[in-house]
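A.B. asks: Sequence:
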Amino acid sequence: MDFQQGIRQHPVIAAVRNEEELNRLKGTKPKVCFLLFGEINTLARTVERVRRTGKQVYLHVDLAQGFGNDRAALKYIKREIAPDGVLTTRTHLVRFAREEGLFVIQRLFIPDTMSVETGKQLLKQSRADAVEVMPGVVPAWVYDELKRKREIPIVAGGLLRRAADVKNAIENGASAVSVSSVELWDMDTPGR
0 MDFQQGIRQH PVIAAVRNEE ELNRLKGTKP KVCFLLFGEI NTLARTVERV RRTGKQVYLH
60 VDLAQGFGND RAALKYIKRE IAPDGVLTTR THLVRFAREE GLFVIQRLFI PDTMSVETGK
120 QLLKQSRADA VEVMPGVVPA WVYDELKRKR EIPIVAGGLL RRAADVKNAI ENGASAVSVS
180 SVELWDMDTP GR
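Yeah, the sequence shown ends on 191 if you go by numbering that gives the first Met the number 0, and it's all consecutive.
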């Protein structure tokens, strides 16, 4: 199963920030997990724990401790940690990850109209496989603009605290949502 198949089966992605949330992952509906914590000495075991729950795991390399912001870190992550892919806000890491054969999701912060234009240019330059828009509560036209630039999965993330927020993000055009609220992981979404 690849990323797109996973989010089609269940468009709510479990965003796991700590051990407590990791312990609650087993038996939940998400097929995809964004791992938002960890450190170099234990990440391989943590990734394996996620895999044993039957989920794909994508590591947020900016939040993982002990790695540099360079190609060597991505080579190590691919070889030793072996996630299904990575997330990053850094355009140069997106390019390096693609060159190393990693599936990569670029996180874009969209606080205003100008950042939508900047985000479109970053996506064009980086060639990310998917994008996570933050905060996830952006209006529908933002998703439309990003889809016009590149036809890739768009994940809504950040500030999605209620079921209505998740529903609105999907209805506004997000392919999936990433949420850290365990209570939202198993929710049904529009059209599913």
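Hint data in this document are derived by calculation from the structure and do not stem from the laboratory.
All values derive from a computational prediction rather than experimental measurement.
Don't take each hint at face value.
Said to hold, decoys possible - Think about it this way: if two alpha-carbon atoms lie no more than 27 Å apart in a straight line, the pair counts; the simulated BS3-like pairs of lysine-lysine are: (1) K148 to K123; (2) K166 to K119; (3) K74 to K28; (4) K146 to K166.
A.B. asks: Within 27 Å, alpha carbon to alpha carbon, are K166 and K119?
C.D. replies: At roughly 24 Å apart (the allowed maximum being 27 Å), K119 and K166 satisfy the hint.
A.B. asks: Run the distance test for K148 versus K123: straight-line Cα separation, threshold 27 Å.
C.D. replies: Since the Cα atoms of K148 and K123 sit roughly 7 Å apart, the hinted pair holds (cutoff 27 Å).
A.B. asks: Is K74 close enough to K28, meaning Cα to Cα at most 27 Å?
C.D. replies: Violated, at about 31 Å.
A.B. asks: With the threshold set at 27 Å, check whether the alpha-carbon distance from K146 to K166 stays at or below it.
C.D. replies: Within the cut-off at roughly 19 Å; holds.
Consistency note: the structure conflicts with earlier hint 3 alone.
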